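K.L.:
Here is what each chain is made of, one letter per residue.
2 protein chains.
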Amino acid sequence: MVYIFGHKNPDTDSICSSLVMEKFDKNLGLEVEARRLGNVNKETQYVLDYLGIKAPELLERVEEGQRVVLVDHNEFNQSVEGIEQAKVETVIDHHRIANFQTKEPLYYRAEPVGCTATILYKKFKEENMPIEKKEAILMLSAIISDTLLLKSPTTTEEDKKALEQLGKIADIDINSYGMDMLKAGTNLDDFSAEQLINLDAKKSEKGNKKFVIAQVNTVSIEEVLKRKEAIEQAMTKEIENNGLHLFVFAITDILNSNTQVIALGKETAVVEKAFGTSLQDHMVFLEGVVSRKKQILPVIDENM
Amino acid sequence: MVYIFGHKNPDTDSICSSLVMEKFDKNLGLEVEARRLGNVNKETQYVLDYLGIKAPELLERVEEGQRVVLVDHNEFNQSVEGIEQAKVETVIDHHRIANFQTKEPLYYRAEPVGCTATILYKKFKEENMPIEKKEAILMLSAIISDTLLLKSPTTTEEDKKALEQLGKIADIDINSYGMDMLKAGTNLDDFSAEQLINLDAKKSEKGNKKFVIAQVNTVSIEEVLKRKEAIEQAMTKEIENNGLHLFVFAITDILNSNTQVIALGKETAVVEKAFGTSLQDHMVFLEGVVSRKKQILPVIDENM
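Which chain is which? The protein sequence lines are D and V, in order.
With the first sequence counted from 1, adding 5 to any position gets you the numbering used here.
With the second sequence counted from 1, adding 5 to any position gets you the numbering used here.
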């Protein structure tokens with residue numbers, strides 16, 4: 006059995022693309038099974054409930070030699086425990102490549118588009134494989150999530166085209182479905198500060214420096230900042246427990262397309278250099294910034 | 006201008022795929038230029054002479070931020086000087102992924118097939134782009150070279166299919182053209198021992214151990230071994246000058262599909278473990294072994 010999964014702290018693209026890739030491979034007659042590396046978030050749960058389907062089963066670790074397909078990530082530190090000894094046969098991704106290596110040749114397909122599901126859409130087209138309504142909704146949900154309804158600067162013409170076509174197949178009003186889905190994901194009240202900073206946290210390394218950039222989407226930054234003190238305590242604890250040099254918590258306003266950043270750790274000067282401004286109360290407000298991948302990670306990585 | 010190039014010590018796939026990718030991108034209206042990272046070998050020269058075309062220009066290094074397309078390789082230590090600071094926009098490759106990373110998302114297409122040109126052939130098909138005779142000959146030459154006329158275990162059904170189709174477009178007798186081309190590459194008389202071990206040498210690293218696996222094709226292993234002493238002296242010099250832990254020189258008999266290996270360095274025990282036999286006079290004979298990528302590199306890397 007080959008396992009297909011997205012990154013830890015799975016987002017909608019990671020879950021939906023795993024399920025779609027499972028369908029794609031099964032259509033080709035392959036024995037595969039979608040899995041997930043963590044809890045499903047509220048936005049993704051909205052999609053699964055809408056379709057009346059269950060989330061993939063949890064995968065905690067893989068044994069040596071386990072055959073795997075990675076979607077929506079490649080960096081081993083964002084992947085399953087044991088990945089170093091697994092056999093990565095296929096990667097479908099739209100991120101930078103780092104902390105990744107294989108012993109043998111593999112199938113790797115990455116494109117600098119806004120969403121993994123956009124690449125999967127192209128793969129269905131290239132294979133002349135019909136797309137069913139369920140997979141169309143999974144893919145369009147992933148695209149809406151990753152591009153914030155095409156408003157993120159990571160959005161490409163290919164994402165737009167894929168979303169439009171998938172909307173037709175699904176026979177759905179993209180905008181009203183999309184806003185409902187995004188809003189479902191921004192209800193952060195139930196989460197403790199510890200949970201909040203881990204909802205969508207991505208670990209990176211540069212040289213021997215470890216850092217985390219976590220992100221939450223909201224319709225009110227103010228509402229999240231009411232818990233600033235507890236959030237900072239939770240961040241400090243993460244830093245101490247994991248020997249982090251920097252923890253960046255990005256609170257992104259999906260209605261107005263801005264991000265409030267809270268940064269803690271030894272290397273906060275990196276954040277100041279990255280955005281050319283000094284931190285006030287451990288914070289910096291980033292106008293027009295919504296994309297971790299395109300607007301936050303590269304400048305932090307460069308200055309680390 | 007975007008530069009397209011294959012690996013150092015370019016082989017026929019590296020040169021031909023650079024030229025074909027240049028054509029592909031130009032057809033899409035992109036400003037690109039094929040380059041080469043070293044001297045063209047005799048086999049490749051046979052192809053260029055057959056077509057009456059010149060080799061791409063030499064590229065010695067790239068400046069920071071230079072946009073590049075890598076074909077037939079990804080590992081930075083096999084690439085151009087300055088690659089770490091370049092902007093890798095696209096990779097088309099059929100090797101394992103290692104010693105490679107980017108700051109930003111990119112277009113990456115790897116498939117576990119026998120030759121980069123096989124992937125390029127598929128790209129032309131996917132784009133419904135017509136293949137002209139010149140590009141057909143470049144691609145079929147690369148496939149013949151990398152798969153030793155489909156006899157190497159790296160050969161896949163996709164390579165066979167591509168070669169057959171390209172042969173039709175080129176209107177050429179694949180077998181007689183292929184044998185002439187391969188034989189043109191096995192005339193090693195003009196080369197000094199130093200040149201011989203560098204004709205097609207690939208550097209790798211595992212942990213802090215550096216090793217080189219070089220390969221030459223011949224129709225007579227015996228003929229090459231007449232110069233064993235000089236070859237070993239040259240290998241020892243390379244080891245000393247570059248702090249190598251191991252130098253493996255693979256002499257591959259393309260007629261009978263066997264390989265004679267000469268191994269020198271501190272870590273020759275790795276070779277003995279890899280092939281489950283002890284070295285005699287620094288040598289081991291590998292029956293049925295012709296592929297560095299599939300039959301030599303993985304077992305050496307694993308035991309290093």
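Be careful, since some hints might not be right.
The list makes no distinction among identical chains, and a pair is therefore deemed to hold if it is satisfied within one copy or across any two copies.
Pairs of lysine to aspartate or glutamate residues, derived as DMTMM-like cross-links and limited to a Cα-Cα distance of at most 25 Å, are as follows [to be verified]:
1. K138 <-> E65
2. K173 <-> E292
3. K231 <-> E132
4. K92 <-> E237
5. K156 <-> E228
6. K231 <-> E169
7. K165 <-> D178
8. K166 <-> D30
9. K211 <-> D30
10. K278 <-> E68
11. K47 <-> E227
12. K130 <-> E94
13. K166 <-> E132
14. K92 <-> D30
15. K13 <-> D30
16. K28 <-> E163
17. K231 <-> E86
18. K108 <-> E199
19. K127 <-> D195
20. K215 <-> D54
21. K208 <-> E245
22. K127 <-> E243
23. K231 <-> E210
24. K242 <-> E227
25. K13 <-> E86
26. K31 <-> E68
27. K128 <-> E243
28. K165 <-> E137
29. K299 <-> D258
30. K127 <-> E68
Quick caveat, the hints were computed from the structure, so don't treat them as lab data.
Here the structure is a predicted model, which means the values were calculated and not measured.
K.L.:
All the hints need checking, so say for each whether the structure fits it.
P.N.:
Hint check results:
| no. | hint | result |
| --- | --- | --- |
| 1 | K138 <-> E65 | neither (30 Å within a copy, 52 Å between copies) |
| 2 | K173 <-> E292 | neither (34 Å within a copy, 58 Å between copies) |
| 3 | K231 <-> E132 | neither (50 Å within a copy, 53 Å between copies) |
| 4 | K92 <-> E237 | neither (39 Å within a copy, 36 Å between copies) |
| 5 | K156 <-> E228 | within (22 Å within a copy, 66 Å between copies) |
| 6 | K231 <-> E169 | neither (38 Å within a copy, 67 Å between copies) |
| 7 | K165 <-> D178 | within (14 Å within a copy, 46 Å between copies) |
| 8 | K166 <-> D30 | both (23 Å within a copy, 22 Å between copies) |
| 9 | K211 <-> D30 | neither (35 Å within a copy, 33 Å between copies) |
| 10 | K278 <-> E68 | between (42 Å within a copy, 24 Å between copies) |
| 11 | K47 <-> E227 | within (20 Å within a copy, 69 Å between copies) |
| 12 | K130 <-> E94 | both (22 Å within a copy, 24 Å between copies) |
| 13 | K166 <-> E132 | both (18 Å within a copy, 17 Å between copies) |
| 14 | K92 <-> D30 | within (17 Å within a copy, 33 Å between copies) |
| 15 | K13 <-> D30 | within (22 Å within a copy, 36 Å between copies) |
| 16 | K28 <-> E163 | both (22 Å within a copy, 23 Å between copies) |
| 17 | K231 <-> E86 | neither (35 Å within a copy, 51 Å between copies) |
| 18 | K108 <-> E199 | neither (37 Å within a copy, 29 Å between copies) |
| 19 | K127 <-> D195 | neither (37 Å within a copy, 50 Å between copies) |
| 20 | K215 <-> D54 | neither (37 Å within a copy, 53 Å between copies) |
| 21 | K208 <-> E245 | within (15 Å within a copy, 39 Å between copies) |
| 22 | K127 <-> E243 | neither (39 Å within a copy, 47 Å between copies) |
| 23 | K231 <-> E210 | neither (31 Å within a copy, 50 Å between copies) |
| 24 | K242 <-> E227 | within (23 Å within a copy, 67 Å between copies) |
| 25 | K13 <-> E86 | within (10 Å within a copy, 35 Å between copies) |
| 26 | K31 <-> E68 | within (23 Å within a copy, 46 Å between copies) |
| 27 | K128 <-> E243 | neither (39 Å within a copy, 46 Å between copies) |
| 28 | K165 <-> E137 | within (19 Å within a copy, 33 Å between copies) |
| 29 | K299 <-> D258 | within (16 Å within a copy, 50 Å between copies) |
| 30 | K127 <-> E68 | neither (32 Å within a copy, 34 Å between copies) |
Consistency note: the structure conflicts with the earlier hints numbered 1, 2, 3, 4, 6, 9, 17, 18, 19, 20, 22, 23, 27, 30.
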